[in-house]
Every structure is written in structure tokens, then in C-alpha cells.
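Participant: In case you want the letters, here they are:
2 protein chains.
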Amino acid sequence: MPRHERDVRLATSTVIFALEPGVTPEGAERSASDRTSLWIPLVRRLREPGEGRWALPGGWLGAGEALDRAAARTLEETTGVTPRYLEQLYTFGDPDRSPDERVVSVVYWALVRPEETTGAIDDPNVRWFDADDLPDLAFDHNAIVEYALGRLRTKLGYSQIAHAFLGETFTIAELREVYETVLRVHLDPANFRRTVEASGALVETGEVRTGTRHRPPKLYRPAGPTDVGSAGPFRVPIAPHLRKSPS
Amino acid sequence: MPRHERDVRLATSTVIFALEPGVTPEGAERSASDRTSLWIPLVRRLREPGEGRWALPGGWLGAGEALDRAAARTLEETTGVTPRYLEQLYTFGDPDRSPDERVVSVVYWALVRPEETTGAIDDPNVRWFDADDLPDLAFDHNAIVEYALGRLRTKLGYSQIAHAFLGETFTIAELREVYETVLRVHLDPANFRRTVEASGALVETGEVRTGTRHRPPKLYRPAGPTDVGSAGPFRVPIAPHLRKSPS
Chain A
574 MPRHERDVRL ATSTVIFALE PGVTPEGAER SASDRTSLWI PLVRRLREPG EGRWALPGGW
634 LGAGEALDRA AARTLEETTG VTPRYLEQLY TFGDPDRSPD ERVVSVVYWA LVRPEETTGA
694 IDDPNVRWFD ADDLPDLAFD HNAIVEYALG RLRTKLGYSQ IAHAFLGETF TIAELREVYE
754 TVLRVHLDPA NFRRTVEASG ALVETGEVRT GTRHRPPKLY RPAGPTDVGS AGPFRVPIAP
814 HLRKSPS
Chain B
574 MPRHERDVRL ATSTVIFALE PGVTPEGAER SASDRTSLWI PLVRRLREPG EGRWALPGGW
634 LGAGEALDRA AARTLEETTG VTPRYLEQLY TFGDPDRSPD ERVVSVVYWA LVRPEETTGA
694 IDDPNVRWFD ADDLPDLAFD HNAIVEYALG RLRTKLGYSQ IAHAFLGETF TIAELREVYE
754 TVLRVHLDPA NFRRTVEASG ALVETGEVRT GTRHRPPKLY RPAGPTDVGS AGPFRVPIAP
814 HLRKSPS
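The listed protein sequences correspond, in order, to chains A and B.
Remember, our numbering sits 573 above the position in the first sequence when you count from 1.
Remember, our numbering sits 573 above the position in the second sequence when you count from 1.
The hints are simulated quantities; they were obtained by calculation from the structure and are not laboratory data.
Honestly, I wouldn't trust all of these hints.
[To be verified] Label-pair ranges, simulated between beta-carbon atoms:
{"hint": "1", "chain 1": "B", "residue 1": "Y731", "chain 2": "A", "residue 2": "R766", "range": "44 to 50 Å"}
{"hint": "2", "chain 1": "B", "residue 1": "L729", "chain 2": "A", "residue 2": "P687", "range": "35 to 41 Å"}
{"hint": "3", "chain 1": "B", "residue 1": "N764", "chain 2": "A", "residue 2": "R766", "range": "28 to 34 Å"}
{"hint": "4", "chain 1": "A", "residue 1": "P762", "chain 2": "B", "residue 2": "F702", "range": "50 to 56 Å"}
{"hint": "5", "chain 1": "B", "residue 1": "T691", "chain 2": "A", "residue 2": "R700", "range": "53 to 59 Å"}
{"hint": "6", "chain 1": "A", "residue 1": "R788", "chain 2": "B", "residue 2": "V758", "range": "31 to 37 Å"}
{"hint": "7", "chain 1": "A", "residue 1": "P687", "chain 2": "B", "residue 2": "G740", "range": "46 to 52 Å"}
{"hint": "8", "chain 1": "A", "residue 1": "G773", "chain 2": "B", "residue 2": "D673", "range": "51 to 57 Å"}
{"hint": "9", "chain 1": "A", "residue 1": "G779", "chain 2": "B", "residue 2": "A746", "range": "45 to 51 Å"}
{"hint": "10", "chain 1": "A", "residue 1": "E777", "chain 2": "B", "residue 2": "Y731", "range": "36 to 42 Å"}
{"hint": "11", "chain 1": "B", "residue 1": "N764", "chain 2": "A", "residue 2": "A746", "range": "38 to 44 Å"}
All C-beta atoms, glycine included, are put in the ideal place defined by N, C-alpha and C.
Using the sequences plus the hints, can you model the full thing?
Facilitator: Okay, here's the thing in C-alpha cells:
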């Protein structure tokens with residue numbers, strides 16, 4: 574049956590990356606499996622195609638709705654997660670990516686801080702997964718996550734995207750942990766500190782991280798406005814009415 | 574009249590950047606207005622909306638057609654230009670970007686070498702324009718070109734995207750001219766040469782550019798495989814049948 578050009582449907586999907594601190598059992602040595610890892614929220618599909626499979630949060634574009642607004646809305650409706658910014662990642666439109674109809678999906682992504690996930694829906698059909706250890710997802714969503722991971726890792730090399738995972742101020746160890754987690758490498762703490770300090774990209778705030786057992790580490794902030802990657806041309810803050818209070 | 578989600582139509586548009594060598598009249602001093610500049614092909618619209626205005630080459634997505642294939646096909650049909658690669662740039666979907674219906678456009682871009690424009694259609698409704706001096710285009714196409722220019726200028730700083738404008742081998746002066754043209758700056762030739770030579774990104778081919786009046790300049794090539802930017806996940810060469818022979 575020949576399809577008409579009019580039959581193309583437009584959807585948005587979103588890849589949300591969050592750092593999940595590893596938990597070391599009391600009294601145990603901190604091991605590799607306790608380390609911080611990169612997590613994404615997925616939603617279980619409740620109907621065909623792909624019923625029962627996990628998929629990226631998303632949904633159909635509304636008739637009069639901007640693309641970024643649709644991405645924010647469908648993310649909020651399915652997961653309760655409300656990042657401050659979503660950035661357009663790539664549009665996926667392979668003719669066979671959905672079995673029954675032609676669906677083109679404009680994919681957005683965001684790196685979020687822990688406080689941006691506080692509104693997350695408590696539902697067995699919404700679950701966070703280790704981004705490097707995903708099940709077989711619906712549609713081409715494994716390939717989409719792979720692509721997003723590649724972009725994230727590449728961008729870490731030439732932008733200040735790492736700050737998107739951190740608060741306003743952070744320790745150098747916390748910044749190093751972002752690099753170690755995303756790039757899946759172990760970095761020498763002293764070398765990392767020297768490189769960062771020499772770069773001029775951070776300034777000391779004059780404050781320290783309290784509540785730690787040892788010598789409290791210094792807090793830093795970015796030296797200038799942080800560009801967390803190549804923003805789209807119409808990047809706008811997500812509307813307040815879509816932001817969920819952490820009740 | 575409320576629109577249905579099904580009424581969204583999908584199009585592709587393409588921004589092609591080419592360097593146009595400036596022409597210095599015989600016997601005259603080379604002046605700023607003779608300098609190489611950045612040009613893009615535009616197509617005059619022959620029907621509403623925007624009849625008579627210039628617009629980016631493009632067209633509707635075919636029902637079973639991949640996005641990049643649609644971009645290559647509509648570019649070829651409207652302008653005859655057949656770049657070796659097209660890369661997805663951004664998807665523009667503002668609800669009001671087209672007056673009569675909802676159109677979402679997946680925009681592709683390419684940087685082309687002179688030989689990739691040889692098949693260009695000879696038609697008064699296809700014309701190349703200085704990318705920094707465009708008329709008032711149809712739809713949001715001025716904003717799209719602005720965005721593409723911004724991305725090009727940013728990418729020049731962290732990638733080897735400049736090579737996309739050059740042949741397999743090139744002189745350092747030719748490489749400098751790419752940077753000068755795209756960034757609209759004047760670079761000190763000796764400093765530029767030293768910086769490039771120190772970077773290790775180029776190797777000498779052992780050959781020289783012949784046919785010049787003075788001491789023939791050395792030819793270089795990239796030291797490794799050139800990554801001309803963040804390619805999309807499904808970046809593929811454009812099919813041979815879409816490539817036009819330069820007849």
C-alpha cells in the first residue's frame with residue numbers, strides 16, 4: 574500500500590542524563606561497582622508497537638505546539654522530570670523505524686542535576702537505567718541513546734558541558750567525577766587538579782564543602798558564563814507551568 | 574479552525590556553503606571587495622506562500638524516503654548541486670513559520686568544494702548569494718542561514734571543518750583564506766603558518782602548487798582522517814544516481 578507524504582507523523586523523544594552517586598556499604602572499601610554512573614529514565618510501553626518494552630519518554634507533537642515545548646510536555650507527562658533546559662539533539666526519520674506508520678522523531682536531550690529529578694513520577698512503568706547497560710528498547714531507541722552518549726562524550730572534550738551535572742559551586746573532585754563517569758575512565762586526581770587550575774576556567778569561591786570527615790575541600794565556580802554545548806537557535810527556558818514543585 | 578496533529582507536514586531544506594574566489598581586475602591592487610567570500614545557493618519561489626522571494630533549496634519528504642535522501646534529492650532537483658555529504662543541522666518547527674499550514678523542516682547543510690557545484694542548474698530562478706548579504710528570504714530562512722553561519726564559525730574553532738572547502742591537498746595560504754573568509758577576519762600569514770605547522774595537523778606532501786608566478790608554495794594534506802564536524806549517526810555518502818556529471 575503506497576503511503577502518502579501526508580501520512581508522516583511527528584513525535585518528540587527525550588534523552589535525560591543524570592549522574593547517580595554510587596553507594597558504598599558502611600565499612601566497606603569503595604569499589605568500582607560503587608562508582609557514580611550515568612542514568613537515563615525510560616518508560617514502559619503499554620501498547621503496541623513495542624508493548625512491554627522500555628522506550629524513551631516522548632509523545633506526539635501538538636498541532637500548534639513548538640517542538641521544544643512538546644518535548645518538555647511529553648517528558649513531564651510521562652516521567653515528571655522537568656529539566657531547566659532541553660536542547661535539540663537530532664531528528665531520526667528512518668522510514669522503517671516504526672512498524673505500522675511513518676514516524677519522524679525530533680529528539681531532545683538534557684543533562685540534569687539531582688534537584689531537577691525530584692518531581693519524578695513514582696510508577697513501576699517509569700524506571701531509571703544505567704545508560705551503558707540498557708535492555709532491548711522499542712523502535713530505534715537503543716541507537717538514539719548510543720548517539721546521545723557519543724555526543725555527550727565528544728562534547729565533554731571541547732565544551733563546559735560537565736557543569737550541567739553540577740550545582741552552582743562544586744569541588745574539583747566532584748568535577749573530576751563527572752569526567753570519570755561520563756568517559757568511563759579513571760583520572761589521576763593531582764593531574765586533573767593541576768590541569769583544571771591551569772586552565773583558568775574555574776575560580777575559587779572562598780568557601781569550602783562542609784560536612785565531610787577530612788579537610789573540607791574548596792568550592793569553585795566557572796570563571797565565566799558556561800556554555801553547556803551548542804544550543805539551538807531558539808533555545809528557551811521551559812515555561813514555569815511545566816515545572817513541577819518537588820512536593 | 575483547530576488544527577489536528579495529523580496536519581503537520583514535513584519538509585527538508587539545505588544550506589550549502591561554498592567559497593567564491595574574489596576577482597581582482599588586471600593590473601589593480603587586490604582590495605577588500607575582491608576577497609574570497611562565502612556564498613549560498615537560493616531558489617526563487619514561483620508560488621505562494623512567499624511567491625517571488627528567495628528561499629533555501631528544499632521540498633517535501635517522500636513517504637518512504639529517508640531524511641538525508643530527501644534533502645539530497647530536493648537540493649539536486651532545485652539547484653543541480655550534489656555535495657558528497659550532507660549533514661543534519663537542526664529541525665525548525667515553530668508553529669507559525671509558514672502562514673497557511675504547519676510545516677516542520679529538517680535542515681541539512683554542506684560545505685562544498687568548487688567541483689561539487691559544477692552541475693549547478695543554469696536558471697534565472699537559482700542564484701548564488703553572499704551569505705552575509707542576503708535579501709529578505711521566504712519563511713524563517715534568514716534565521717536558518719544565521720544559525721548555520723553561527724555553527725560554521727563555532728565549528729571552525731574546534732574541528733577540521735575548514736578542510737571541507739579544500740581539495741585533497743592545499744597550500745597554507747589557501748587554508749588561511751578559508752579561516753579569513755568564514756570568520757571575516759584578517760590573519761597574519763606568518764603567525765598562521767607557525768600555528769598550523771606547530772599543531773601537527775598537517776603534513777607536507779612533498780609537492781608544490783605549480784602555475785604561480787613566484788616561488789611555488791608547498792602543498793599539504795591533513796595528518797589524519799579529517800573529521801569535518803559532528804556527523805550524524807547515519808551519515809552516509811549520497812547515492813551515485815543523485816550525483817550529476819559535470820556535463
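Participant: Now look at each hint and say whether the structure bears it out.
Facilitator: Now for the hints, and whether the structure bears them out:
As the Cβ distance of Y731(B) to R766(A) is approximately 24 Å, the hint placing it in 44 to 50 Å is violated. Here the CB-CB span from L729(B) to P687(A) is close to 36 Å, well matched to the stated 35 to 41 Å. Between N764(B) and R766(A), the C-beta spacing of about 32 Å keeps the proposed range 28 to 34 Å intact. Between P762(A) and F702(B) the Cβ separation comes to about 54 Å, which falls inside the hinted range of 50 to 56 Å.
For T691(B) and R700(A), the Cβ-Cβ distance of about 55 Å falls inside the hinted range of 53 to 59 Å, so the restraint holds. A hinted range of 31 to 37 Å for the beta carbons of R788(A) and V758(B) is inconsistent with their spacing of about 48 Å. The hinted window of 46 to 52 Å between P687(A) and G740(B) holds, with their beta carbons roughly 51 Å apart. Range check, G773(A) to D673(B): Cβ separation about 52 Å, and the 51 to 57 Å hint holds.
A hinted range of 45 to 51 Å for the beta carbons of G779(A) and A746(B) is consistent with their spacing of about 50 Å. In this structure the supplied range 36 to 42 Å is violated for E777(A) paired with Y731(B), their Cβ-Cβ distance being about 27 Å. Between N764(B) and A746(A) the Cβ separation comes to about 39 Å, which falls inside the hinted range of 38 to 44 Å.
In this structure, the earlier hints numbered 1, 6 and 10 are contradicted, and the remaining ones agree with it.
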